[in-house]
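*Asks:* Go ahead and model the full structure; you've got the sequences and the hints to work with.
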Amino acid sequence: MDHHIDSLGDICPIPIIKIEQKLKVANRSDRIILESDHSCSTSSVVNHFITKYGYPAEIIKVAEGIWHIVITKTS
Amino acid sequence: MLELPVVSSDINTKTRQSYWAVIVLLLVVMAVIYLSGLNQEASVTTIFGFIFGYILQRSRFCFAAGFRDIFMIRNATVSRAILFLILLTSIGFFIVHSIKGGLLPEYGIIYPLGLHTVVGGLLFGFGLVIAGSCVTGCLMRMGEGYLMQWCTFLGLLIGSAFGAWNLAWWGPRFIESAPVVFIPAVIGWPFSIALYVITITALYLFSVWYEKGTLKDYNIFKFELDRSMIISGLRSINGMIFKGANWSYTLGAVALALTNILLFVFWGKPAGITSGLTHFTGWISSQIGFTPHNWYYFEKLIFLESSRIYLQHPLLYLATAIVFGSFFASLMHREFRIRRPKSIKFIFSGLTGGVLLGYSSRVAMGCNFGGLWSGASSFSLHAWVFGLFILLGAYFGGKFFLKYLI
Chain A
1 MDHHIDSLGD
11 ICPIPIIKIE
21 QKLKVANRSD
31 RIILESDHSC
41 STSSVVNHFI
51 TKYGYPAEII
61 KVAEGIWHIV
71 ITKTS
Chain B
1 MLELPVVSSD
11 INTKTRQSYW
21 AVIVLLLVVM
31 AVIYLSGLNQ
41 EASVTTIFGF
51 IFGYILQRSR
61 FCFAAGFRDI
71 FMIRNATVSR
81 AILFLILLTS
91 IGFFIVHSIK
101 GGLLPEYGII
111 YPLGLHTVVG
121 GLLFGFGLVI
131 AGSCVTGCLM
141 RMGEGYLMQW
151 CTFLGLLIGS
161 AFGAWNLAWW
171 GPRFIESAPV
181 VFIPAVIGWP
191 FSIALYVITI
201 TALYLFSVWY
211 EKGTLKDYNI
221 FKFELDRSMI
231 ISGLRSINGM
241 IFKGANWSYT
251 LGAVALALTN
261 ILLFVFWGKP
271 AGITSGLTHF
281 TGWISSQIGF
291 TPHNWYYFEK
301 LIFLESSRIY
311 LQHPLLYLAT
321 AIVFGSFFAS
331 LMHREFRIRR
341 PKSIKFIFSG
351 LTGGVLLGYS
361 SRVAMGCNFG
371 GLWSGASSFS
381 LHAWVFGLFI
391 LLGAYFGGKF
401 FLKYLI
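Taken in sequence, the protein lines are chains A and B.
The numbering used here puts the first residue of the first sequence at 1, with every later residue one more than the last.
The numbering used here puts the first residue of the second sequence at 1, with every later residue one more than the last.
Any given hint could turn out to be false.
Okay, derived cross-link-like pairs now, BS3-like style, lysine-lysine, Cα gap no bigger than 27 Å in a straight line [stated by the list, open to error]: (1) A:K22 / B:K399; (2) A:K22 / B:K212; (3) B:K212 / A:K52; (4) B:K342 / A:K61; (5) A:K18 / B:K212; (6) A:K18 / B:K403.
Hints in this document: simulated from the structure, not taken from any laboratory.
All values reported here derive from a predicted model rather than from experimental measurement.
*Replies:* Quick look at the structure:
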């Protein structure tokens, strides 16, 4: 299942906190898709979930200055 | 080393952002040429500011995150990048100092250490969390089109003006009698370098332990010894520079350190920001009927002469060029957009945070860019105390953030 989070216009570290909250209710192999226009988030969010959780992460640029950050809950 | 995933793009529409990038670059080049005949120092700092802005935007190097994320999400990745940055820059400054015959005591950022450093650090730390950026980050995000940071900038100007005036209270009580501690003058160069290497390594390991709760599987030398890691590192640098991928924080730190060291070589002084902005705010104040030349900051600390009026301060050009460097980088990579904050709360927190950042950087005599980074790299003790209290301020800022801004 995919969980979508709208994080446009949020400031750091709200995107990370929103994903962490969603991960708590998500099931294994669910994907969290966060939409963000915060350029720093593309580094900080991905970095946080890869190094701290070991979850695969992907960044897709969907428009100029808007990214989808996809985190898969693997465990 | 962490390899960040490459950004894949879903955009099909043609865009004019790259053309605008070229226009911005040409404008900056013209400004540099124009300035070189008028104010040579300003043309040098414009070039370096532009480079700083570009690096900050590409590496997403956020000083605020280094102080805030430790507490708010228990992640110290950026904090370690800042430590690495200080280590590299201080070694570079030491080398320049030695070659050029002892520049640091006179031209380094070495400030008095006292209660003003402590209070300034606390307010600065609190301010950077609620503003969502420090002074540097504010300039970088202005260039990327964040409306919130334009509000923060307005706050910065107000806070700096108030701080420059209000220093009359801090100056005679604390600053004038405070000791100025240039660490090598106390313990000598060999011990100073050793102290830096040991302290930074210890803080580095402490942050890893704080994050993971153990140091069992952590090997600090692993990175250097693993050849395949170096190869993949080179490959990812190729991706970062030529393919538009995000730069790693490590590459950001190396590039920032080199730029500051080269600025020290060519300009003779390390980078700073807020004194430039304070001169700008001094100019605005003088235009609307105030008399900033009577303010403590301009009268007692700067000795403002008619030969160097407000708008000629080289660091004002550095600060402005950071905005343009980041603007250029974001256009070039088709990332620019006018970004509206999600909630009106962020406008107020941005503005208030800006006032705090502006005021506290005057009280502490510098922000995290000049006062902390260039200060620590100039081997000034005040920078370390300032950094420690920024950290403490950010802790309280984080509590406030979670309670009221989320």
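*Asks:* Would you check the hint for K342 (chain B) and K61 (chain A), treating anything up to 27 Å between C-alpha atoms as holding?
*Replies:* It holds: about 20 Å lies between the C-alpha atoms, which stays within 27 Å.
*Asks:* Tell me if the straight-line CA distance from K18 (chain A) to K212 (chain B) falls inside 27 Å.
*Replies:* With a Cα-Cα distance of about 21 Å, the restraint between K18 (chain A) and K212 (chain B) holds, given a limit of 27 Å.
*Asks:* Take the C-alpha atoms of K212 (chain B) and K52 (chain A), compute the straight-line distance between them, and say whether it is at most 27 Å.
*Replies:* 8 Å, holds
*Asks:* What's the verdict on K22 (chain A) and K399 (chain B), does the C-alpha distance respect the 27 Å limit or exceed it?
*Replies:* Given that 27 Å is the threshold and the Cα spacing comes to 21 Å, the pair holds.
*Asks:* Take the C-alpha atoms of K18 (chain A) and K403 (chain B), compute the straight-line distance between them, and say whether it is at most 27 Å.
*Replies:* At roughly 15 Å apart (the allowed maximum being 27 Å), K403 (chain B) and K18 (chain A) satisfy the hint.
*Asks:* Verify the proposed pairing of K22 (chain A) with K212 (chain B), using a straight-line Cα cut of 27 Å.
*Replies:* Distance of about 22 Å is within 27 Å: holds.
In this structure, none of the earlier numbered hints is contradicted; all agree with it.
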